[in-house]
Every structure is written in C-alpha cells, then in structure tokens.
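Could you put the whole structure together from the sequences, leaning on the hints where they help?
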Amino acid sequence: MATVPATTLTALFATAAEATSWKRTTLGLRTEIEHAGYTYTVQLPQGSGAAYVAGRAAWGNHECLYIEATLAETLPIVEAAMAATRVH
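First residue of the sequence shown? That's 1 in the working numbering, and the numbers climb one at a time after it.
Some clues are possibly wrong.
Here are the simulated distance ranges between beta carbons [claimed, not checked]:
#1 W59 - V87: 19 to 29 Å
#2 V87 - A58: 27 to 37 Å
#3 E63 - V87: 15 to 25 Å
#4 V87 - T3: 31 to 41 Å
#5 A72 - E32: 34 to 44 Å
#6 T3 - R86: 34 to 44 Å
#7 G47 - T70: 12 to 22 Å
#8 G60 - M82: 16 to 26 Å
#9 N61 - A83: 25 to 35 Å
#10 T26 - G60: 22 to 32 Å
#11 T85 - A14: 32 to 42 Å
#12 R86 - P5: 25 to 35 Å
Note that these hints are calculated values from the structure, not bench results.
Note that the coordinates shown come from a computational prediction; the quantities given were computed from them, not determined experimentally.
Ideal Cβ positions, reconstructed from N, Cα and C, are used throughout, including at glycine.
See the structure below:
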C-alpha cells in the first residue's frame with residue numbers, strides 16, 4: 001500500500017476545503033487535486049462519514065487509497081462541496 005506523508009494529506013484536505021469543482025457520483029461527491037505530480041481524488045461519502053483520499057494517479061498509473069480526514073478537516077470540505085453544488 002502507498003504511503004502518503006502527513007504533510008501531503010494536510011495539504012490535500014486543505015485544498016479540498018477550497019475546491020470549487022465537485023462531481024456527483026454514486027459514491028458521493030468527489031474532487032480532484034493536483035499535488036506533487038499526482039492527481040489525488042478526495043471523496044465525500046453518501047450520507048455521513050469522513051472525507052477521504054480515494055486514490056491517486058500519475059503517468060497512466062492509478063493507486064487505490066483509503067485515507068480518512070479528521071472531523072475537523074472534513075467539515076470545511078463538506079461546506080466547500082455544498083457551496084460548489086448548490087443550485088442558485
């Protein structure tokens with residue numbers, strides 16, 4: 001399994017909390033974040049639960065991950081996703 005440094009996770013979750021582009025999937029809302037040569041997918045599950053890094057891709061390679069955010073990291077991510085997908 002891939003190891004993602006804590007500093008990278010902190011940066012990913014902070015960036016997700018500012019994301020303005022979210023896609024609705026059957027698994028929930030997701031956004032993609034470019035960081036250090038990878039494209040990371042941050043997922044919000046349907047219903048309740050913590051945000052998590054679902055995977056990363058680079059140069060045709062994809063790694064499945066499941067690394068949860070803390071509650072303090074999840075709340076601003078939920079707010080960003082709701083703001084971005086709100087119908088005006």
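Hint by hint, here is what the structure shows:
no. : hint                  : verdict
1   : W59 - V87: 19 to 29 Å : violated, 37 Å
2   : V87 - A58: 27 to 37 Å : holds, 34 Å
3   : E63 - V87: 15 to 25 Å : violated, 34 Å
4   : V87 - T3: 31 to 41 Å  : holds, 40 Å
5   : A72 - E32: 34 to 44 Å : violated, 23 Å
6   : T3 - R86: 34 to 44 Å  : holds, 36 Å
7   : G47 - T70: 12 to 22 Å : holds, 18 Å
8   : G60 - M82: 16 to 26 Å : violated, 33 Å
9   : N61 - A83: 25 to 35 Å : holds, 32 Å
10  : T26 - G60: 22 to 32 Å : holds, 25 Å
11  : T85 - A14: 32 to 42 Å : violated, 20 Å
12  : R86 - P5: 25 to 35 Å  : holds, 33 Å
Checked against the numbered hints above, the structure breaks hints 1, 3, 5, 8 and 11 and satisfies the rest.
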